[in-house]
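Asks: Residue strings, one per chain:
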Amino acid sequence: MKAYKYVGKPIPRQDVSKVFGDAIYAYDVKLPGMLYAKLVGSTYAHARIKRIDYSKALKVPGVIRVFTGEDFPFKVGIYAADRDVLARGKVLYYGHPVAGIVAETPEAAEEAAELIEVEYEPLEPVLTIEDALRPDAPLIHEHMEEYRHASFIYPRPGTNIANYLKLRKGDVKKGFEEADVVVEGEYREPLISHAYMENWVGIARVLSDGTVEVWSSHQSPFAVRHLLAASLGLPIGKVVVHHTFIGGGFGGKAGLLLEHIPVLFSMKLGGRPVRLELNREENFLFMAQRAGYLFKMRTGATKDGRLVAHYGEYYLDAGAYADYTVNIGRSVGFVPTGPYEVPNIHVDSITVYTNKVPTTAFRGFGMQEMHFAFEQQIDQLAEKLGMDPLELRLKNAIVPGKSYLPTQVRVREDAGDPVGTMKRAAELIGWGRRPEKPDEPWKFRGIGIASFWKGPVQPPNAASSAIVKVNEDGSVDVLVGTGEMGQGTIYALAQIVAEELGIPVEKVRVAPVRSTDSVAYTWQTVGSRGLFSEGQALMRALDDLKSQMKEIAARVFNVFKDEIEIKDGKACVKGKPWECISLAEMALGYTLPNGNAIHGPLIGRGSHVPSQTTYLDPETGKGEPKPFMTFGTSAVEVEVDLLNMRVRVLKAVTVLDTPVINPGLALGQAYGGAVMGISITLNEELKLTKDGRLLNPNFTDYKVARAGDIPTEMVAEFLGVGQKNAPYGAKGVGELTMIAWPAAIANAIYNAIGVRIKKLPITPDNLLEAIREQRPELLKELDKYLLGGE
Amino acid sequence: MAETITIRLKVNGIEREVAVKPNERLLDVLREKFYINSVKAGCLRGECGICTVIMNGKLVKSCLVLAPEADGAEILTVEGLSKPGKPSVVQRAFIEKFGFQCGFCTPAFVMAAHWVVENMPDAPEEEIKEILNSVICRCTGYKQIIEAIKYAIELKRQA
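These protein sequences, in sequence, are chains A and B. The first sequence begins at 302 in our numbering and counts up by one. The second sequence begins at 722 in our numbering and counts up by one.
So that you can see chain A by itself, here it is in the shape it has in the complex (with noise of 0.2 Å):
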């Protein structure tokens, strides 16, 4: 990457408040005469509500109101509106809230709770996708065909299905035809949670002028508003949603999270503030949290190692609530092969409902499970050609410019480099080479590698724009509508409007706590589109700057316009760098010698689409789903422990094709993607008993990785191949860091001990299953050690 002062340096990020403890977060505001919020779960995975009596709750001294579902007759969600404010009739999945309680103080609320009497009718818990799909099963939506939805979503009304998204390329009958070996599998992975450490917490007020005003921990504020406006049916422009700093999301405060809930309280309070906060436990019984999956493929090759067929079922288990996870499902149905270029592909991807707690987001979007199926089928493929995984890889791998897309269209020529990526990853971790055995006979190690593609999933006018304000001082204001939940995003503008007008980046303002009625719009803060997107908004909104400052200049010199220069945050005329005016000196237009002022206040403005995406054919998938892809491969070094049945990752590699704005906040990205990605790979799992109810609502039981669990290294680079039409030719990194470790972890299993596992986690209690079905002998041999035997 060419030297710039500011982009492409690890310049600290600006919000250095949360290292001194006074950054705001939702969980932090509290307003004057603010009511609390608490709902009431369901006991029931799926029961008839037969009665509600809140009468004794009532009765508790500070208590305002009970609410329940009658109370909301209307649904909300972004892709498919299925979602109840409270209950309905129906509960669908244990914890599902049929009751929400107002008081004036939390205890008052919490003693309230205990005192609610639900009478229910169980009805038959559906839990399993294979339950879901069975001709006779309950219906979970009785109702599907009311349902609101975006057009892009199929919902199969009087069945289960929630979603039904059909991709087909060439001939795949013909396509198998051809292929000398073919690989089948099925693959799974269980419910997960995102984990954030700030819980869901909202609070809203309604003004007496009719202004709705919330704060709450969300990822995107203009979808909250827009599904606030859309779903109570309220005047977009008299929503107003504040942007603090957010306690981590990762795609789980994506859309509109339960905003809506103290919103409508609020209203029927005479517009009283009224705070709801998740304590832990709620928030892994309300919130949505990532479906979990069963991908049945068949995968198709010659024997030179050129793959010709994919045939695909994938089932998405969305839980009672599809609303986000339809999306998903058609993420992983329209990039259902990773990033290789299959000719014939034929994929059904079915988005199910099943009376389990409510599915959206997480970090990589669907692609994190379609690689951990797809890249095993490579190296499946490449074991039974007698080829080595990498070189597979590299035969097969999207050439930009030449290669069509699962969706028909062809790659942009400048869309990355997945080459340099896997041959970089497969040098960083040793490629080729045995890996040290330990002196320990039932510690056995194994190196494994998975590559990986992904952009963003998003309708073709997802928009974004951005403002910049000069001050009087020179400095720079840069109004974007992305939030901040970590990844720094807005702290890399920064840096861009430093370099683009050559000022120092700590005259570079980007508020991290913003309301929508003061910042310019974008669709949402996921998929990893942020710096993309807001990105090229700002780069047009410096270009208009730019040109504003060019204007004036060139009138105060006498020159043409395009004999001015910008540099050093001054416009200059060119070859006289003793003729400039700086931007203080512009700021609010500029005053001539005789007191005339021009121009007026600079400001700046740019948008973004992704242009050129399209919706897709309902019959085969075709079209243009992405404005960009950032390629990458992953690499571990993994050990096996066969007496605890631990696996511990020694060496995690990651790289990356795209050019970053600050290394120091890509590495974090990398690092910590890394880390998470590892954590569910070996450990995580929503654990849910027979009827439904969830085990493990507690970090106790629910383990996410600590320090002590990291790896001994963790590596990651990125190639600084850009993409013409990204700023400074930066595509997203943060999903991207997180998705092929499943995939690479097992793949090393493999490598170290011959055994496949197709199942998530890789628990000890996992792995066990799986060497008993596969290599029995492998426990045989540890019995020896354990009796003391040779």
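Every clue listed holds true.
Listed below are the simulated DMTMM-like cross-link pairs for lysine to aspartate or glutamate, each with C-alpha atoms no more than 25 Å apart in a straight line:
1. A:K851 / A:E773
2. A:K306 / A:D869
3. A:K1004 / B:E846
4. B:K754 / A:E411
5. A:K877 / A:D845
6. A:K310 / B:E817
7. A:K331 / B:E753
8. A:K310 / A:E807
9. A:K475 / A:D649
10. A:K1060 / A:D1010
11. A:K331 / B:E738
12. A:K738 / B:E847
13. A:K703 / A:E714
14. B:K742 / A:E578
15. A:K952 / A:D740
16. A:K744 / B:E847
17. B:K754 / A:E578
18. B:K804 / A:D329
These aren't lab readings, by the way, just hints derived from the structure by calculation.
Guided by the hints, dock chain B onto chain A, whose structure is given.
Replies: Below, chain B without anything else, positioned relative to chain A:
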């Protein structure tokens, strides 16, 4: 409603008497009565550690300390580490080494790091990790936090 009792606390150098309920958590007393914004609740069961503060020189999870148990105690939070415009070595290190992302757990990690720098500056990385095991960070993957702590130890040595 339970009766209140009066306890004495010295928080970041300022000593005050406050009335608390016997079942009140130190966490809530710090937030509600001393206006300490940095201390956050994550689980209220001592699992996530993001409410960690230093009490009488020891790292404690303030959700697991009942207010009466803290009577007479000295409490240190990140608000007490720095003077205006002058970050502590640990704070400086977290900023320069990208030791935080969303920041919700950061005050707890800064306190744990402060404790490590003060009490075990020569400890090997594995021992530092053992201290850090008591706090969950879901963003960073811990690597840059550990790097920040090593850097803070270095900065302190140089000072």
